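Number of protein chains: 4
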Amino acid sequence: MLPSALISPPATLAARYRQVRSATEALCAPLRPEDCVVQPVVDVSPPKWHMGHVTWFFEQFFLKDYLPGYQIFHPKYAYLFNSYYEGAGERVQRAYRGNMTRPSVQEVLEYRQYVDAHMARWLEAHPDPAPRARYILEIGLQHEEQHQELLHYDIKYILGHNPLFPAYREAEQPRLSGPAPAEMTFLEMEAGIYEIGHAGEGFCFDNELGRHRVFLEPYRVLDRLVTAGEYREFMEAGGYRDYRFWLEEGWKWVNMVQADAPKYWFPVEGEWQIFTLEGLRPLNPAEPVTHVNYYETQAFARWKGMRLPTEFEWEAACRRYAPEIPAAANFTDLGALHPIPRQSGDHQFFGDVWEWTQSAYLPYPRYHAEDSALGEYNGKFMVGQMVLRGGSCATPRGHIRATYRNFFHPHLQWLFSGFRLAADGLA
Amino acid sequence: MLPSALISPPATLAARYRQVRSATEALCAPLRPEDCVVQPVVDVSPPKWHMGHVTWFFEQFFLKDYLPGYQIFHPKYAYLFNSYYEGAGERVQRAYRGNMTRPSVQEVLEYRQYVDAHMARWLEAHPDPAPRARYILEIGLQHEEQHQELLHYDIKYILGHNPLFPAYREAEQPRLSGPAPAEMTFLEMEAGIYEIGHAGEGFCFDNELGRHRVFLEPYRVLDRLVTAGEYREFMEAGGYRDYRFWLEEGWKWVNMVQADAPKYWFPVEGEWQIFTLEGLRPLNPAEPVTHVNYYETQAFARWKGMRLPTEFEWEAACRRYAPEIPAAANFTDLGALHPIPRQSGDHQFFGDVWEWTQSAYLPYPRYHAEDSALGEYNGKFMVGQMVLRGGSCATPRGHIRATYRNFFHPHLQWLFSGFRLAADGLA
Amino acid sequence: MLPSALISPPATLAARYRQVRSATEALCAPLRPEDCVVQPVVDVSPPKWHMGHVTWFFEQFFLKDYLPGYQIFHPKYAYLFNSYYEGAGERVQRAYRGNMTRPSVQEVLEYRQYVDAHMARWLEAHPDPAPRARYILEIGLQHEEQHQELLHYDIKYILGHNPLFPAYREAEQPRLSGPAPAEMTFLEMEAGIYEIGHAGEGFCFDNELGRHRVFLEPYRVLDRLVTAGEYREFMEAGGYRDYRFWLEEGWKWVNMVQADAPKYWFPVEGEWQIFTLEGLRPLNPAEPVTHVNYYETQAFARWKGMRLPTEFEWEAACRRYAPEIPAAANFTDLGALHPIPRQSGDHQFFGDVWEWTQSAYLPYPRYHAEDSALGEYNGKFMVGQMVLRGGSCATPRGHIRATYRNFFHPHLQWLFSGFRLAADGLA
Amino acid sequence: MLPSALISPPATLAARYRQVRSATEALCAPLRPEDCVVQPVVDVSPPKWHMGHVTWFFEQFFLKDYLPGYQIFHPKYAYLFNSYYEGAGERVQRAYRGNMTRPSVQEVLEYRQYVDAHMARWLEAHPDPAPRARYILEIGLQHEEQHQELLHYDIKYILGHNPLFPAYREAEQPRLSGPAPAEMTFLEMEAGIYEIGHAGEGFCFDNELGRHRVFLEPYRVLDRLVTAGEYREFMEAGGYRDYRFWLEEGWKWVNMVQADAPKYWFPVEGEWQIFTLEGLRPLNPAEPVTHVNYYETQAFARWKGMRLPTEFEWEAACRRYAPEIPAAANFTDLGALHPIPRQSGDHQFFGDVWEWTQSAYLPYPRYHAEDSALGEYNGKFMVGQMVLRGGSCATPRGHIRATYRNFFHPHLQWLFSGFRLAADGLA
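Chains P, X, D and H, in that order, are what the protein sequence lines are. Mapping the first sequence onto our numbering, position 74 (from 1) lands on 74, and the numbers just tick up by one. Mapping the second sequence onto our numbering, position 39 (from 1) lands on 39, and the numbers just tick up by one. Mapping the third sequence onto our numbering, position 253 (from 1) lands on 253, and the numbers just tick up by one. Mapping the fourth sequence onto our numbering, position 328 (from 1) lands on 328, and the numbers just tick up by one.
In short, the hints are calculated from the structure, not lab data. Since this is a predicted model, take the numbers as computed values, not measurements. Be aware that a few hints might be false.
Same chains, same label: a pair holds when it works inside one copy or across any pair of copies.
Derived DSS-like pairs (lysine-lysine); straight-line CA-CA distance at most 30 Å [said to hold, decoys possible]:
| id | residue 1 | residue 2 |
| --- | --- | --- |
| 1 | 64 | 252 |
| 2 | 304 | 252 |
| 3 | 76 | 64 |
| 4 | 76 | 304 |
| 5 | 252 | 76 |
Whole structure, please, built from the sequences with the hints as guidance.
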């Protein structure tokens, strides 16, 4: 039986389907066809691949099973747009996605329209779908929201590694500002048993289930995100040149890529400029640092004599100090597309940047991936990656929860990632 | 002093400039913007990079020197469009060309128009340019013709490695056909001293100069190109599975890439299909085999108990048996875009496919590269590559000569390459 | 102040020093000089490098500080024998260790004698060393014991990848045998708060400190190790050919190395033979499976519908069901040099094989690496590795504890690694 | 029918066999077992592999065919000691040779004795062998002499890349000295037809046959080798930092390996020291430069405004100016093991260093490799390598001829390689 937690309310589905699907297209609308094709590194997928892949997901996992007589749009598209589902057959090697100039962007949009029309027909005919159908639909929509987030990263990578530094959009609005914090204040958490994992009615992924108890020794966490200004102090103190702060794997990374700053920081005439989706602009020291990888957070924390919170510590503190997602939280609906300085009273648990935690991505007790191809969604990645929490400025607002577990390899910088510090004991 | 051989007649320059430049644009016109961006392997450059690079060549090597007050179009374009001229400054690493989505195709066309307008102004003002200017202009045009040829290879690679096998153009005309040759007939050449290298008034590259004498022992060469049907016999005889036919480096290549046929040959329901710029179609055994690398030619020749001609043997035989370039030779003006079966009486020295020779690419006596950046054009590649002769179906007719020395690394298959056999002694 | 837990009792030091040092030499005695030089993969170090490195450790971290006027044996040996201590200066790149034919084995033994003589002099003069000196000495000895374990792995690798399959020693004793277990029985653990980490007087590494409370939901663990026979069933059920059992990273590994069995399993005339330090012999299905990596344990567990215990679950169950290390536990003093079938009543928590756990190697609360070069010992490896527990047949008996945390990358097979299953809830 | 050129006179065979075989053992005698095992780069083979391989060659290609009832020494040795003969079955991957610690050096010497005993028996019983047997025997001996040369290179590489810089032998004799040449004097050769390739009775390899005519335009060659002092001038003029002197492939090599000097040159307190088989010593500017690769010779020559001779120019000049091999030529019998300054009147065509030529290694007219496994000896390497001429201080005297064609890849420095300059025309 499906856990009720996994199922969206039926009334919202058709509208939600249209909303999510059109958001993807709006996101890609400012791009030129040329921008939609390339794959500068293996982790970055071409925007048109994203647009096709999320569409194939509905075709493969929904329409083929639920819409009798459904004809797939093109016999080769499964090969082109399957990402990693072994259960769904052969596919283009990941590193070759960026060589596939066809189908063109226009043809991918036609594919989207074809699938959307069939989905609309089905949704109209089924105002109250059965739980399994509702579940798969919801997975498809959540999946597309995740790819919307990835699209922000990948578009930024494509534009930000071009010597012309083209902007994704013009600067639209006055920037939100705030004072650079003068010092570090910590939120305290006493020792005790805390409940971790999802409960209740809303949707969640299978990796959040298995709600269970953990014991936390007393600890404290920073009441906000680490800022770019604070991170720059670490750099100016020689942080990238002193092995003592670094994990061994991190030090190898520093030397291999000759790292000396977060991604998208460029020295211009003695000042740091950063590349944003609005182009190059001067660094704002009050804003949360972003595009740091796990190694960089560890080095900063060791330099400070502290550490990062575990995902359990993060979740418990978030529930205590941010029991509701603030209306002002910086998600995609805010339109900033970049982390913003802390607003008064906000602890920045939600939005702005995903927070690296000091927890490896591993299964919760009683975790069990389902046996279908959809079972490949989360479970098979549970080795070698670290957990991040809280969502970012590239996350759709409705997509996030306190229990949401994101995960990435520790060397990656291209996501909107940041961190907060933690320490043992109460102050 | 410039050798007169290197200089084009002045009267033709303005018209020729327009003709060459517009030919490049016509060649790219059938492409979609998406096709113009990618670089599936390091040897293949994005079509829009070619369009920009050949334009930068005129800006860098001509306009900056000859047009007073010339303003370059964009300060970063030299960085983006320099290929390998160390003397012309820093540039994008070759393997990253395919990550540069900007400038867009449209912006590259605007770059072309800007440069063309300035070139036109200069050409109008200088009806009779000095030899050095004429020489550089001609180099620029020859250079662009070479990139037109590469564009054919690269476009074919991009489309031919896509699972959708999109055609570059519709099949336009009835195919030229001809009977598959029944047997091998050889052209005989007696022992003696032959003159090798360019002489006379027309343009040539510096690597063809240094006309000199070579002594050739008696030999014979096939009176035509090896056909696809003959090559298929080699395959059916187990040619790709028997190490004895292969150079050691070739056998490593066979095993590394699991080679079992020329590039663009695909087994479809028990028959060989080949990908052409008009899409997939059945193999025509009467047409010259193409997209074979040097290793494959050596294996075939050893299987036959023969060898390839040296570039000297090729040139001497070409002068004897094809003193003029036949009007029916298969160059780009013929529009076939693919090698065609031998037409009666033609020895196929010109057009169809570049012929691998058994000569390494090395300097002729008295070879001297000029000291400017243009000196990097040919000389610095004189190690590790083999010479090919005669031009192909992707070569502009006026571009070729009996003395023309093309050169590629021995493992490459993506060019229109083929071969003829040779043997020692008279029959 | 040093935690008392880290310090050995002074009376034992001189005798213990001699015992540990001579054990290393005894271990290498059966090798020929040729065996002592090579490094077939980067993870395997040459035996003579191990012998030199552990000696350098005493020179670098003890004699230079504690023995006034000590002259180092050779000015280049620090460069040759430093492993990864950034704080101790430049060193040979790890992958080049196997190219260093000098110093010879004989010269390394002379280096050992030189250092041992100086250590003996110091130990004689200091019958009751100060805590810091005792601590560093003990670290040096524990360090050498760890390298004794690695020597077993590396010697086995060197001999076991040679087509001649030379034995490290002749089969000396009748093998211990036991019946293959008929079924799986589980040890039960109820929910509750458990204390994790080292307490008390004996030595431990810094990564075991920070004793803290964890809450464990009810679970059960297999009352023994998984056997070779059980693992063979997984193989015969197609375990290596079905992606559904594998982590994504594990499935990549299977395909990259074409894995179809644990390391050192060889099919010989339809039966599995395994390579041991006594050479090739038939597989004994009753013995614990070994030389499996983390991916393989995950695939087996998923095939069984179970999982592995976390390191916390392992430690709590070990304390409950094996509060003392059994006298019959299979450590180096037993001399088996290979895992042996379960003896009646033993739960196999100690010895035989290191048990992979489902825990990533991460710091305990209040973990803090010391600031000296010795601080590089454990802490800088806390990313990307998994924890193993319990020691193996290559571990010196006195070296192990219930709280001991070993750690390796998940793809590695060359250690004596195995596993036990776990499941959620009571039966 | 075998060409008579390929066959040694029968009377010398038994004595010559003993002489060649014992020379190999004498060459390895100063090594320790540890030195005999490793393979620091793929081009370097372990000395004990060489000793086994040349022995296997006699077993495989002679004893198995000619000695009735011959029992091979060990069934796995063919697998271990076959180098690249596809026709002789499977073998250890080349890059793994250095992981094979067994058989030990002692066991390899026993293998040698076993084969030698059987060879001696056969030679005694066949005082006048048939031509084919004599030919194969001679190939085996020539082959072993080639491996003697390689042993010098590989031993030097193994010792010269060790931070201890151990000497292969003590400095035995006063060094031969000579004045550094003041200027460059050239030997002149007029235009004409020259005969190239082997003629006459003595042994030669198949790649020297096919004696044929070449026409050479007038040229001149340096009357000696380029010296270390002259090469140092090139370095001091910034030769390694100026792309204009380099072939493109050479410039890539310079940047990839950060080249700034020939191999084995080390800056020590402001002076160049070089590593020789007698250890580190100051550079002697009068001696021929060695351990330069083809790229370096090209850069030097272009810096000088000259070029290298082709192999044909070299051979014709050698025949004219050094018709006999000088008794004082620096081969292994001289015992210098290093190039020595030019002695009065010697043109240094023979010995000291192999001279890179500006010729790619390609077949002569009428070249045909024999069809047996021995046909893999030379022919299959005829792509991508350059020809060197004249022998070196590591070549046995009797091994060399004016027509001898050695060949190596252009990036290699570990051989005793050097060069002389050439130029077009008479002075």
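We went through each hint and held it up to the structure:
Taking CA atoms no more than 30 Å apart as the test, residue 64 paired with residue 252 passes between copies only; the shortest distance there is 29 Å, against 47 Å inside one copy. In this assembly of identical chains, residue 304 and residue 252 lie within 30 Å of each other by CA distance solely inside one copy; the values are 21 Å within and 38 Å between copies. For the homomeric pair residue 76 and residue 64, the shortest alpha-carbon distance inside one copy (15 Å) is at most 30 Å, but the shortest distance between copies (49 Å) is not. For a Cα distance limit of 30 Å, the shortest separation of residue 76 from residue 304 qualifies neither inside one copy, at 53 Å, nor across copies, at 36 Å.
Proximity of residue 252 to residue 76 under the C-alpha cut-off of 30 Å is restricted to the inter-copy arrangement: shortest distance 24 Å between copies versus 41 Å within a copy.
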